[in-house]
Every structure is written in C-alpha cells, then in structure tokens.
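Listed below, chain by chain, are the residues.
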Amino acid sequence: MMRFLVIRFLRGLLTLFLVLSFAFLILRSTGDPAMLIMSADAPPEALEAFRKGWGLDAPLWQQYLGYFKNLAQGNFGYSMRDKSPAMDLVLARIPATLSLALPAFVLKLLIGISAGVYAALHRNTWIDRFLISLSIAGYTMPSFVLGLVLVLVFAVGLGWLPSGGDATWQHAILPVITLSLGGAAVLARFTRSAMLEVMGQSYIRTASAKGLVWRRVVLHHAMPNAAIPTLTVIGFMVGSLIAGAVVVESVFSWPGVGRLLVTSVANRDLAVVQSLLLLVATTMVSANLMVDILYGWIDPRVRSGQAAQGKKA
Amino acid sequence: MTELVTQQPHHSAPQVLVSLRGLTVSFGSGASQVQVLHGLDLEVHAGESLGMVGESGCGKSVTWLAALGLLGANAQVQGEFRLAGERFDGLSDKALSLIRGRRIAMIFQDPASALNPVHRIGQQLVEAVSLHKGLQGEAARAQAVRLLDQVHIPNARQRFDAYPHELSGGMNQRVMIAMALAGEPDLLIADEPTTALDATIQAQILDLLSEVRRDQGMAMVLISHDLSVIAQECSRVMVMYAGRAAEIAVTDNLFRTAKHPYTQGLLSCVPDVASPQKRLTAIPGQVPEAGRLPKGCSFEPRCAQSMAQCSGLVPMLSSVALDHQVACFLATP
Amino acid sequence: MTPLLQVQELRKHFQVSVPEGWRQRKANLRAVDGISFDLHAGQTLGLVGESGCGKTTTARLVLGLTEATQGQVLFNGQPVAAKRDATWRAQRQNMQMVYQNPLGALDRRLNVISQVLEPLVIHGLGDALSRVEQAQDLMASMGLPKPLWQRYPHELSGGQRQRVVLARALILKPSLLVCDEPVSALDVSIQAQVINLLQDVQERMGVAYLFISHDLKVVRQVSDQVAVMYLGHIVEQAPPQPLFSEPLHPYSQALVSSVPSLWQRSNPKRHILQGDPPSPLSLQSGCVFQNRCPHAQAICREVPPRLTPLSSERQVACHLVSEQADMPDAPLESLA
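From first to last, the protein sequence lines are chains A, B and C. Oh and the first sequence: position 57 is 58 in the working numbering, straight run, nothing missing. Oh and the second sequence: position 265 is 319 in the working numbering, straight run, nothing missing. Oh and the third sequence: position 27 is 70 in the working numbering, straight run, nothing missing.
Be a bit skeptical, because a hint or two may be false.
Claimed, not checked - Some chain A residues judged to face chain B by a derived CB distance under 10 Å, without partners named:
| id | residue |
| --- | --- |
| 1 | 125 |
| 2 | 203 |
| 3 | 205 |
| 4 | 207 |
| 5 | 212 |
| 6 | 221 |
| 7 | 260 |
| 8 | 304 |
Derived by calculation from the structure, the hints in this document are not laboratory data. These figures come from a predicted structure and were not determined experimentally. All C-beta atoms, glycine included, are put in the ideal place defined by N, C-alpha and C.
The task is simple: from the sequences and hints, build the whole structure.
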C-alpha cells in the first residue's frame, strides 16, 4: 500500500511537471506579452525595456530552467500587469470560485445520484426513458449555451434573476445551476448503469431471499457496490471543481479563478497563467490520488489484492 | 454387491408443508412472451428431502424463485401456493419478505458471487440474525458465531471479520448455509449448492446439508442436474423436462423402476463409478427451447418409444404405483 | 514403441507478487512441479484433479503454448518448444486443443463451414475444392447435418457448438487432441452424445487424447490411464478400473470416495477431506499432501515422494504405499 501511494505520488509530480512545461513552451511561443500588456503602439524602446525587464529576451531554455529554479524556491513569479505576486492573485480569487463550485458539486451529487438510482430501479418505464433523454441533453449541451439560455430566459425574459456579477446571493443562482446540470447529467447516466450492473448480481438475490425488505436491499446492499465505479466519476468532478468554472465564470462575469485564467491567457500574463495551471493540475492530481485511496477503503477486494481461492477450474 | 439406495420416506400420512398448484411462469410481454413453467403441481412434506433434477431449461430453479417472488418485474407468475395450509401466492413483496428466510430459505449456486463482496461475512450473518431473531449487538454477534460453528467453519471468531473473497468456495457456501439457518426455517431450498465446487468440497457440503437438516428437522429441496447427488441425499425425486414434471417417485423406485422414457434415458446416459464401464446410451437430439415446444409431449421428438397420441396431447401426471407418478401415455394408458 | 507424447520432469513456476501488509513479496507459484507421463498413440490419458492442481497449465505446456521452467515435452520424439517458429507451427498441425466453453472458442463472425475450413486454409493444405469436400465429409460424420453448415455459433445449441469445435480440431487429422473440460458445460444428455462421439472418433482416426477434467465419472468412462494431480504433482497413475475400485494414494482415496453413485450408497466411513487445499504459493518441504493426509508421518514432512511404479500399470507417489509395496505380504488396504 505504501509503495503504491509513493508511486502514485511520484507520478503526480511528473504530471505536474509535464503540464507546467507544456504550458510554459506554448505560452512563450505565441503572442508577445509586451505588446499585449503595454498597448500596441508603445514605442519600441519601451517594449524592449519591458521584455528585458521580464527576462523575455533570454533564450528559451534559460527562461525554462530559471522558472523551475524559482519554483523550487517557492517563487511563483509576478504578474506583468500589476507587478504583484502571481500566486497571491490566484489564491485571492479562490473563495469566489468555490462559492459557485461547492454548491454546484453538492447539487450534482444530489440530482445525479438520485436520478440515476431511480432510473435504474424503474428500468424501461417511461420515467426511465425520460430521465435518460434529459441526461443526454444535459451532457451534450455545452455549458455556455446552457448558461446563455438561462440568462435569456430568467434574466432578460422574466427578469427574475440578475445576469452577471457577484453582488448578491441571487447572482449565484444561475451560474450554480449552469455549473451543476452538466455534471448531474453525466453522473445520472453513470449511476444508472452502475446500479443496473449491481442489481443483476447474485448477492442481491441472496439479500432478498434472506427476507430483507426491498428498501434495505437497495440502500444497504446495492448502493455501496454501485458506489465503487461511480466514485471515479465523482473524483474527477472534484478535480475539475476549479477548472470547470472557466466558461461559466466568463458567461456570468463572476470574478473567480476561471475568469482570471481567461484574462491572463489573453494578456499572456505568463506567471499568473502558470500559477493557475499549477493550482488546477495539483487539484486534479490530488483528487485522483484521493480516489485511488478511497477505492481501497471502499472495495475490500482491492485492499487484499488477491482473488478468492478454492473455486473450481 | 451393489446396494440400492434406500431412504425411507415418512410412512405415517405425510404432513404437507408446502404445496404449489398450477404454477405457471412466463417472461417478457406481448409478442416476445415465453412460458417456462406450464402448470406445475408439487408438494413438499415436513422434514423430507425432495430432489428436483433436470437439464437446462427444465425450470427447476425458476419454480422456487417464482414461489418466493424473486423473479423480478419481467416475470408473470400464477398459481396457488400454500405454506402449512395458508396461501402465499399473490402476496405483496413486503408480506413475502416475512416468509423468506424465516419459513422458507434459499441458497444458491456460486457462493462466491452470492455473498455481498463489500460486507464482511459476520456482518451479513448478523443482518440475518437480527432480522429473524430480533437480536442486537453482542447477542446477535454471539448467535452468528454459533451459526458459524454449526456449519463447521474453523476459527469462527477470527473468520467473522473476513470478506467473502478471502474465503474459499467451500467456506463461502458454509456461510450461505449458516445465513439460511439464521431464521430456523421449515424448508431449505438448495439450488445447485455444489455445482461450482470441487469434488472433495462437494462431499463436505452435502454432508453438512444432511447433518443440518437432521438437526433442525427441516425439509429440504435439493435442486441439481446431477442424478447421483440426488440419489444420495433425497428420499423423493421429481424429474423435470421443459417446464413440466415428467416423473415423481420415492428415490428407490425412481431409479429401480423408472417409467418415463426421459428418466430411463438419463439413467443410462450418465457414467457411474459403481457400474462397469460400458458405452453410454445417449438420448438423441436436444432439449427444446422454451418458446418453441413441440405440440403434445415435449419429449416426444427424442423418445424412442413414442406412440401416435404423444405428438397430439400433453400427458398429465398420474399415479402408476404408491408414491409414483408419471406423465407419459406409455406408462399410464 | 516410442510413446506419441512424453512428458519428463516438467515444471512451470510463475513469479507472482503477494501483498503482505504494506509491501509486496515476490513468491514462486509452482503450478506444475515435476510431472512425467507417457501417452501412446490412439490411447486416452485422463488427467484429473481439483482447482489449482495444475492440469490446465499442463495442457498448455504440452501444446507449447507456455514455456516450461524445467523439463521437456517430446512429441513424436521431437521436443515441443514454446517458440512460435516454423517447427512449432508444423507440430501444431498434429496436435490440437478443445476447450470447455465452445461459444468462446468459436469466431462469432464465421459460419460453421468456414470455422471447420479455417485450419486447412491457415496451413495451406489442399485446394479450395478438396478443402470443402473434406470439411463436409467430416461434419457429416460428426453429427452436423447440412442445414447447420451455414449457421453462426449463436444459432447453435451447446452440443452442436462443441461438435463444431471438435470438427475444426480434427480436420487436420492430428494424432493428439488435448481436451480441457470438453463436456463440463454441457447438459448431461448432451455430454453422453459428445463422449460417445469422442470415442468413435478415436476408434476411427486413431487420435490420442489428453483428457483433462474435474469430473471423475467422465474421466473413468473415457480413459485408458488416469493420472491424479494434486498441487502440481501426479500422485497416482493407473488404469481406471483399479484406480476407482482400489485407490492407493490417500488423496485418490478421498477423491474417489467423494463421487456419489446412483446405485451404491456412499460408505459412511468414506474419507472426507477436511479443510481446503493449501495455496500453491506456500509450499513446504516434503509431500504436498501432508497437511490434509490422515496418515502423514515424519518422512512425509521432509522428503517429497517420487512417483514409483508398483506394478506394470500402477504408479503411486507416497512413502507409505511404497513401504507397503516392499512388504508384499502386508495387505494393501490396511491404509484405509
């Protein structure tokens, strides 16, 4: 187990390294921060000075090594726009994002799991078919389309809810709904197939034959087993809590991490973008690691690692 | 000298524990509906061991799954079922759950997959004990350990916290039996309990079932495709073919004087360790599919002794001797 | 006369990782641990044993599908290697395999006649016309009538599928057919049909069978010699009649007495083995059966018994039985 964790941890570090390197190279090969941050018609000497000041004129490999050297010392760089430490900027935005992402996550779980379980227990009835169609609609529709439609209907059309900004808690309603529906749809579909698979197993019949009431069979015997594969999907959702908000925050002008990412990339505000990516990648990798550990906790077969003995060949 | 199996049934008028009358089971609906059981009648007497034998598609397992309401929404079940005189067909699932485990218990074929993989075996046992005996906490746990001892699981106390995949197939089947005993049922249905197990383990489990049955005074229905297992364990046997009963008799009579051509065919096509080696007399053809039974007797196409009327009418079960019924025009003209 | 198949001191060990608390331990899984037997042309050797005894691994070793750790397999005097080269392919024409699950062994997309033709095509034998003729003749003799030839595997019954698998194996006229649980998945009445078919084919074509099964009744029916395996070793080998009426090795005794009979009541004093077979990982010195043997002695814990011939037909790997054999006056059944 220890060995397993250590290996996973090292793999996680490798992933981070690859993500950062990739981003670094792409960002520095396209666009010119000097021109984007200072206006395009600034005098060439000013642009040159800017570039020199930020070390952008050095060869790529030198910049690359320099970046990682700084990283190792805890220096995440500075924003080229307002000269403040990049990571501080990023961290300051996290509460805003979480105030959308966390409620959305809870909603995803509630809606997704209950819809999935219900559909599985009422397989092939009209309600099952209806839920499946809804979930297909839910995960095929891009979130910005959904967001914009909701804005059109509820903000512009009906005027019930505000369309942008984060002034009051009512401002959070539409973005949270938008953020949660796609994930709920995926989770519903997944939970449904996991449940169907489990309900067809022999031990469910044993539980019924024992005399347990149906409710107990479902809640106590079926669901814990269906949770096992569903956990991967949920883990992935946790990992993308921060990254997933990008589109929604842009649609609703919500001042969170996602919006910061969009603006920083547009401006090639390199250190900020990289700090953001580091944050997102770390969240993803940790979430995956958590899922792996949880798997071992929930599924005793994984824990022991060996299949049952004594069955006939 | 070969000795015939002689297990005596009750000679005093047998007390009927469970009776199933006109059991009919179909799956699916509309155009794709398939009937798998065609009006089966059977009785289980208190304390006896009844064997149900037949090949795939004969309906031997479906019979009891249907009676206990374990078939699911896709199945249509009809018939009159009685337990100690009281009807239990058509009951709600909740009402049936009071019978399951408590009056009639059932164990299944592959013990490794029949136990919940994420619960410890002790936990699963305690669940049964609490449900049927109302015990909680320490008392429930103690009773569960006692049950594990009863089924001869060594180191019961330590094994209590094991998961099913940590135990062998034989051990898992013992746990299943212990769970079935938790409610002290009047009838235990054992559906192919040893088919997935090795030969030496099979012998252990069958011995255990006999022992348990005697100790509890329980009736048992043993379902198997293996005639020799049935011959050893059961006092009465029912042979099934394509969803109907072909022959029912006291074990001794069935094997010594089988009247139904199918039974006769089965007896001569199975190699037996106590008989001299000789060429097997195979039954030609194969079992018909449930939805495509021949008109008349289902066995007629494969029967070497079929007569004109066999392809027109379905023979009904009738007595040919004391405690011996056959569904065949040849046997009962 | 040289036997068709000679297996000599064959061993197959697998390296596995066994989880032990926090870490993993490398262990040696001795699936097959020193077996030797001969199979003559046109004869049937039944290999019987419970799960984990190594019979399937033996089948794979014989066919050259797995590389042996030690020992060798000689087929027609030629060693069988697990290298997929031209020699191996040529050998494969002459030895084929039949498995337990016929549906899994057949290609779902090919109809019956294509399945049976395929080996001829692969080995480039004959021309199109002669191949079809051969296939048709063979199928007819195996109880596969013309209406079935165009059908697909899922349109056939279990017994029919197994016949197709057999036909496909026999079209190359092999001299050895390895059958790994060929009838276990079939209904009892169909089992009888397939067993009879196998025996007819053997008479007609002179094929030798290595017949592997857990079902002792079936093995007794078809075999000329039976080898009982336990944890990678052959513990006893004899023709079926003496083996089943008078098994000598304690394990064979337990195994034989565990098989119920239709006609004879089980002996209440029969040998019921306690417990489960130990894992092939945790092997100690001495006899593999010592933990469950009612007669285990000191020597059993130290020295592994060798398979020793007791007569021209019987071999047993047991110290106590060999001891008895050295004292010809002592009755053999005193072990019971």
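Structure versus earlier hints - violations, ascending order: 7
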